[in-house]
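A.B. asks: Listed below, chain by chain, are the residues.
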Amino acid sequence: EAQVTQNPRYLITVTGKKLTVTCSQNMNHEYMSWYRQDPGLGLRQIYYSMNVEVTDKGDVPEGYKVSRKEKRNFPLILESPSPNQTSLYFCASRTGVNSYEQYFGPGTRLTVT
Amino acid sequence: LAKTTQPISMDSYEGQEVNITCSHNNIATNDYITWYQQFPSQGPRFIIQGYKTKVTNEVASLFIPADRKSSTLSLPRVSLSDTAVYYCLVGDMRPGDYQLIWGAGTKLIIKP
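These protein sequences, in sequence, are chains A and B. Residue numbers for the first sequence follow the working numbering, beginning at 1 and rising by one. Residue numbers for the second sequence follow the working numbering, beginning at 1 and rising by one.
None of these hints come from the bench; they were simulated from the model. Keep in mind that this is a model prediction, so the values were computed, not measured. Glycine included, every Cβ here is placed at the ideal spot set by N, Cα and C. Be aware that a few hints might be false.
Label pairs and their in silico Cβ distance ranges [what the hints assert, rightly or not]: (1) B:ALA28 - A:LYS18: 36 to 42 Å; (2) A:GLU79 - B:PRO65: 45 to 51 Å; (3) A:PRO83 - B:SER81: 19 to 25 Å; (4) A:LYS57 - B:ARG77: 40 to 46 Å; (5) A:ILE12 - B:ARG77: 38 to 44 Å; (6) A:THR95 - B:GLN42: 20 to 26 Å; (7) B:SER74 - A:PRO83: 22 to 28 Å; (8) A:ASP56 - B:THR56: 32 to 38 Å; (9) A:ASN51 - B:TYR13: 24 to 30 Å; (10) A:GLU79 - B:THR56: 44 to 50 Å; (11) A:ASN26 - B:ASN57: 22 to 28 Å; (12) A:SER67 - B:GLY15: 47 to 53 Å.
If we strip away everything but chain A, and leave its shape as in the complex, we get:
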């Protein structure tokens, strides 16, 4: 089954404690992205990657890091989480060829206290 998986689905942590949210896709897609979604706001792109070792900032990259060492994986790293990073996070992938048909993961609900 074609899918994007994220882990963990729920996470409660404290300010300053480094964390990583994993994302993996099994569709051999070149493009992958991370979004955050906050109440009353649309999805905002954090980082995206057009291929292995190619990443770029989205609209709200501050406080986040990403890496793309393998085509299927695109982890999101919060080196020192703060309460304003409490949000619902989505990973997505797409083929990158003449389509904005993105496949989204189930989401990770992060709470930073």
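Fit chain B to the given chain A structure using the hints.
C.D. replies: Here is chain B on its own, set in the frame of chain A:
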């Protein structure tokens, strides 16, 4: 990047056809129009994409007039399970231009 404008919310009834219109006055020549559906606490799901005229798939139709300054998503015979937020997006297909602007979407409520 073209900005889109959609109604904040809409109501309809089961079995009806629902049309959601999106305005994108600044759409560029290379931009495509894409619609997504999102249920609470789930990732958005792609519905349909088009460039001009009409596109139809198994779940929806997309109507785009000649000037492309607006588009209409048509959902035939909706059911309660179509209650969701619907997003209209425009974006360039050229390699490297991957950013889409997600607005607040249209909250569609289907009543029995």
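A.B. asks: If any of the earlier hints don't hold here, list their numbers in rising order.
C.D. replies: 3, 7 and 9
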